[in-house]
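In the working numbering, the protein residues as written are 34 to 158.
No wet-lab data here; the hints were simulated from the structure. It is possible that part of the hints are untrue.
[Unchecked claim] Subject to a maximum C-alpha distance of 20 Å in a straight line, what follows is the list of computed DMTMM-like cross-link-like pairs (lysine to aspartate or glutamate):
| hint | residue 1 | residue 2 |
| --- | --- | --- |
| 1 | K97 | D120 |
| 2 | K97 | E43 |
| 3 | K122 | D108 |
| 4 | K96 | E43 |
[Said to hold, decoys possible] Restraint-style ranges between C-beta atoms, simulated for each label pair:
| hint | residue 1 | residue 2 | range |
| --- | --- | --- | --- |
| 5 | D120 | A63 | 28 to 34 Å |
| 6 | E73 | N111 | 36 to 42 Å |
| 7 | V47 | R146 | 30 to 36 Å |
| 8 | A53 | E144 | 22 to 28 Å |
| 9 | P66 | R45 | 20 to 26 Å |
| 10 | N111 | V64 | 19 to 25 Å |
| 11 | E43 | C68 | 42 to 48 Å |
| 12 | H92 | V44 | 41 to 47 Å |
It should be emphasised that the depicted structure is a prediction, and the values quoted were computed from it without experimental measurement. Even for Gly, the Cβ is constructed at its ideal location relative to N, Cα and C.
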Amino acid sequence: MNPEMSPSSEVRLVGMHCTACGAMAYPFQAVCPICMAEDEVAEADMPTTGTVYAYSTVHAAPKKWRLPYTIGYVDLSNGVRVFSHLDPKGLGVGAAVYASTGIVSGEAVEEPRTQLVFKAVGDAK
């Protein structure tokens, strides 16, 4: 995910695939987290849909963060587990979600920070 992405940008998740052991992960990593291969890792597009594995809503954070915010794990449709911000609307364990973007910084920053946010399927895109 491009950190300079705007809220209206199309989401493309770029992860990694290790040809040595077959592992996949998101985000992209230059070294395989399973077998530690360095020269066997390639970029791989990840699906932008999945289901919520677990989540929590956070109520305390530095001033630059928007509160409360929800974070959790999403199991992508290819089995890769992703830690991300989540939109709390329509959320629950097992809920179908899709990758989107959202502003995660609070009002104490000059430039809003846009980041990957998974939203419940059925929410307006």
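Review point. Given the hinted pair K97 and D120, is their alpha-carbon gap at most 20 Å?
Key: 18 Å, holds
Check your understanding: Is the distance from the Cβ of E43 to the Cβ of C68 consistent with 42 to 48 Å?
Key -> 32 Å, violated
Check your understanding: For the pair E73 and N111, does the Cβ-Cβ distance stay inside 36 to 42 Å?
Key -> Violated, since E73 and N111 (Cβ atoms, about 19 Å apart) do not stay within the stated range.
Check your understanding: Range hint 30 to 36 Å: satisfied by the CB atoms of V47 and R146?
Key -> 19 Å, violated
Exercise for review: Below or equal to 20 Å on CA atoms is what counts here, so check K96 against E43.
Suggested key: 29 Å, violated
Check your understanding: Is 41 to 47 Å a correct range for the gap between the Cβ atoms of H92 and V44?
Key -> Given range 41 to 47 Å: violated, Cβ gap about 27 Å.
Practice item. Using the beta carbons of P66 and R45, state whether their distance is inside 20 to 26 Å or not. Key: 21 Å, holds
**Study point:** Consistency of beta-carbon spacing, V64 to N111, with hint 19 to 25 Å
**Key:** Taking Cβ atoms as reference, N111 and V64 lie about 20 Å apart, which means the hint holds.
Check your understanding: Taking the beta carbons of D120 and A63, is their distance inside 28 to 34 Å?
Key -> 31 Å, holds
**Study point:** 20 Å Cα cutoff - pair K97, E43
**Key:** 25 Å, violated
Review point. Does 22 to 28 Å hold as the CB distance between A53 and E144, or does it fail?
Key: 40 Å, violated
**Study point:** Hinted pair K122 and D108, Cα distance within 20 Å
**Key:** 18 Å, holds
Hint compliance for this structure: hints 2, 4, 6, 7, 8, 11 and 12 are not met, and every other hint is.
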